[in-house]
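There are 6 protein chains.
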Amino acid sequence: MIYVTRKAHFNASHRLHNPDKSDDWNLKTFGKCNNPNWHGHNYVIEVTVAGTPDPDTGYVIDLGLLKRIIKKHIIDPCDHKNLNLEVPYLKGVIPSTENLCKVFFEQMKSDVDEVASSNSKLYSVRLYETERNFAEYCPKS
Amino acid sequence: MIYVTRKAHFNASHRLHNPDKSDDWNLKTFGKCNNPNWHGHNYVIEVTVAGTPDPDTGYVIDLGLLKRIIKKHIIDPCDHKNLNLEVPYLKGVIPSTENLCKVFFEQMKSDVDEVASSNSKLYSVRLYETERNFAEYCPKS
Amino acid sequence: MIYVTRKAHFNASHRLHNPDKSDDWNLKTFGKCNNPNWHGHNYVIEVTVAGTPDPDTGYVIDLGLLKRIIKKHIIDPCDHKNLNLEVPYLKGVIPSTENLCKVFFEQMKSDVDEVASSNSKLYSVRLYETERNFAEYCPKS
Amino acid sequence: MIYVTRKAHFNASHRLHNPDKSDDWNLKTFGKCNNPNWHGHNYVIEVTVAGTPDPDTGYVIDLGLLKRIIKKHIIDPCDHKNLNLEVPYLKGVIPSTENLCKVFFEQMKSDVDEVASSNSKLYSVRLYETERNFAEYCPKS
Amino acid sequence: MIYVTRKAHFNASHRLHNPDKSDDWNLKTFGKCNNPNWHGHNYVIEVTVAGTPDPDTGYVIDLGLLKRIIKKHIIDPCDHKNLNLEVPYLKGVIPSTENLCKVFFEQMKSDVDEVASSNSKLYSVRLYETERNFAEYCPKS
Amino acid sequence: MIYVTRKAHFNASHRLHNPDKSDDWNLKTFGKCNNPNWHGHNYVIEVTVAGTPDPDTGYVIDLGLLKRIIKKHIIDPCDHKNLNLEVPYLKGVIPSTENLCKVFFEQMKSDVDEVASSNSKLYSVRLYETERNFAEYCPKS
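Chains as they are written, first to last, in the working numbering: chain A, 142 to 282; chain B, 142 to 282; chain C, 142 to 282; chain D, 142 to 282; chain E, 142 to 282; chain F, 142 to 282.
Chain A with its partners taken away, still in its complex shape:
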């Protein structure tokens, strides 16, 4: 098994807030991350595809194609945007790092699997909210 990873980044604002709960619950649970005036991050995303290299190219996936898929599904909708208000596929999702990397994985899944080498698939999405906090969604592990 070979794992190939492509890294990208975007800047966005967000807040952690569960609209089904009271303001008190939200403030107590999320603290400064609940700030109604938003805060933001330089997000770094790492997208990993696992499989066997194509014998003609030596590629598990053409990283140029993977870069375009990340741009289409992640960078274009999220960069310099408000993750709570402006990203259609995040509607109703609390934008914790955990939830974001799962939704990002699902957004890219079919496009990645279609262009990856035969028997290669999207394997995981890792998202750094800061250099010190990150999450990874890896459904096969």
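If you are wondering where the hints come from, they were derived from the structure by calculation, not from laboratory data.
From the three backbone atoms N, C-alpha and C, an ideal C-beta is built for every residue, glycine too.
You may find that some hints are simply not true.
Claimed, not checked - Under the rule of at most 20 Å between Cα atoms (straight-line distance), these lysine to aspartate or glutamate pairs were calculated in the DMTMM-like manner:
hint, chain 1, residue 1, chain 2, residue 2
1, F, K173, C, E227
2, D, K212, D, E187
3, E, K162, F, D203
4, D, K169, A, D195
5, B, K148, B, D203
As the list claims (entries may be wrong) - Derived list of chain D stretches under chain A, where covered just means 3 residues or more per stretch with a C-beta under 8 Å from a C-beta of chain A:
hint, region
6, 175–188
7, 269–278
Given the coordinates of chain A, work out where chains B, C, D, E and F should sit on it, guided by the hints.
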């Protein structure tokens, strides 16, 4: 001359917007950085003090004291905040990286100079908006 | 499965030395790492919790709580300390990176599992001794 | 299970080119990576050994020995070299990151397993072509 | 004075070789950097503009414009290229890091000065050949 | 003026302690950095030479020679050592980052100036004690 630097970081939302200009001018000038729903960054700040080490301590400045000054003037007011709306000393300042590092310098100047070794002074403030974009204010250079 | 990681760091002195062996054996086996006058490192620790996000919070674990657990069990006892002489739970442990990350895992296990979301658990501890040398303890893998 | 990793780096030139295919196919498939005048990278390699620490040393593997094995098999033959023309064991291999990390693993396997602690083995080789693109070969996973 | 910096990167092959000297002199002087089969690097460039922010924008220079100038003069001609053979403005230049950053500065000078805020100018170009070796050209210092 | 920099690293133990002062003064002044059982760091040193490239080589200084000078004066005496007890030229020096970078500069000065290109000289030494704390000695500035 010896230069001593302390690094810190905070996360904030902002937008580039000049309220004295039309919305069209702002959109054309600042592009996606003008998004009315905000975007955000993991800011990294480097604060440099220049001078001669105190012979008793070997310190140009006690970095523990410098850390506290950065916390008081930068981290506490700005972390997880909206730089346009929530930081009193940024009122009326377009929060470009250039402007921020100048204002941050002025905020910390007297506190730093007071605790630095004799003939040591605040020298510069560098601010990274992203890993790829940064500004430095260095009035003596 | 989602993996959430929090990074922290501390500075410490240590030496590699097995007191059950001769000085010759120690010097031959550990070389410069056996220096009786100690050497030291800026250690970086990454603590990973694996599980399912809580539907109310989107959290596998509240990273503020995880930060406090790392502070209590790792940073407070080890930072600016001598790992061979001053950390009670390292008594009798040769402080190789391998051994340290296993002991750190065991120290934090019950506290982490108690505050993590239901069906989330401490998964691994990675410790960087330098940027070029690191070890990871991951008992489930 | 404990995983121990050693990082190293080398600089080399290469091009992606499949000599069994036409020039057109190569240009279309590999784009600018097919440049007949070569391009190059600062490669970073991470070599991971998995096992149980030796009770006398606390080592899964002596990292000094691992460093020497990486030097012998990777750095000495590849550093400041042309990967397509000058590395005997890469003859006939399209030097994609995927292929390189698999061949590097196979080159080092027997030497690493011989000096690792009992029941410890070479586990994976990760190769960064750039900070944004990397591949990992991990046959056991 | 405020300094604003934009970072970019490109990958290229090169060799150090002075065609006016003998092969023996070249090999003795440049060692492995003289390899006739080339080697390569992931170059990182930092371009710094110094001046006063425009009061309407808060910008010393619009970093979007600076990014385009770097792309036009550095990334497009050099990325995935052979610096000795394929970059017209490097003809006759020994591509040491020192020489490269000076030539890059001169290439960009007039375009940068034209779009920078009034009384702002191109100040320096720093070029990393590897993470451990870099040069900076700063004619005003 | 062109500035060329070479980076290196070493690991050492130390404590901040002024033997001319009381234990109370030392503890109050240096806090946890005064620990009599030592602590330690992964130090990173950046050595900068300034001048004009030699027209035959394109070099301000041959970085291979600079690497050897750093090894002789800094890495060999300091790596895996106790900076207070084991480095002859640090005898009587309080090993603050400020003091260390000044002494390191003076140690290397004549050797660097001897091998640098004509009219090139040692310019500065920057020393990182941690990623967040660093000092730079630059006598000409």
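* Would you mind confirming whether the straight-line C-alpha gap from K148(B) to D203(B) stays at or under 20 Å? => holds, 14 Å
message = Given the hinted pair K169(D) and D195(A), is their Cα-Cα distance within 20 Å?
response = At roughly 16 Å apart (the allowed maximum being 20 Å), D195(A) and K169(D) satisfy the hint.
CA of K162(E) to CA of D203(F), is that 20 Å or under?
holds, 17 Å
Residue count check for the region 175–188 of chain D against chain A: does it reach three with CB-CB under 8 Å? violated (count 0)
- Query: Is K212(D) close enough to E187(D), meaning Cα to Cα at most 20 Å?
  - Reply: holds, 12 Å
**Item:** Residues of the region 269–278 of chain D with Cβ under 8 Å from chain A, three needed, outcome
**Value:** That given contact holds, which follows from 7 residues of the region 269–278 of chain D lying within Cβ reach (below 8 Å) of chain A.
Original post:
Hey, K173(F) versus E227(C), does the alpha-carbon distance stay inside 20 Å?
Top reply: Roughly 13 Å between the alpha carbons, so the hint for K173(F) and E227(C) holds.
When held up to the earlier numbered hints, the structure conflicts with hint 6 and nothing else.
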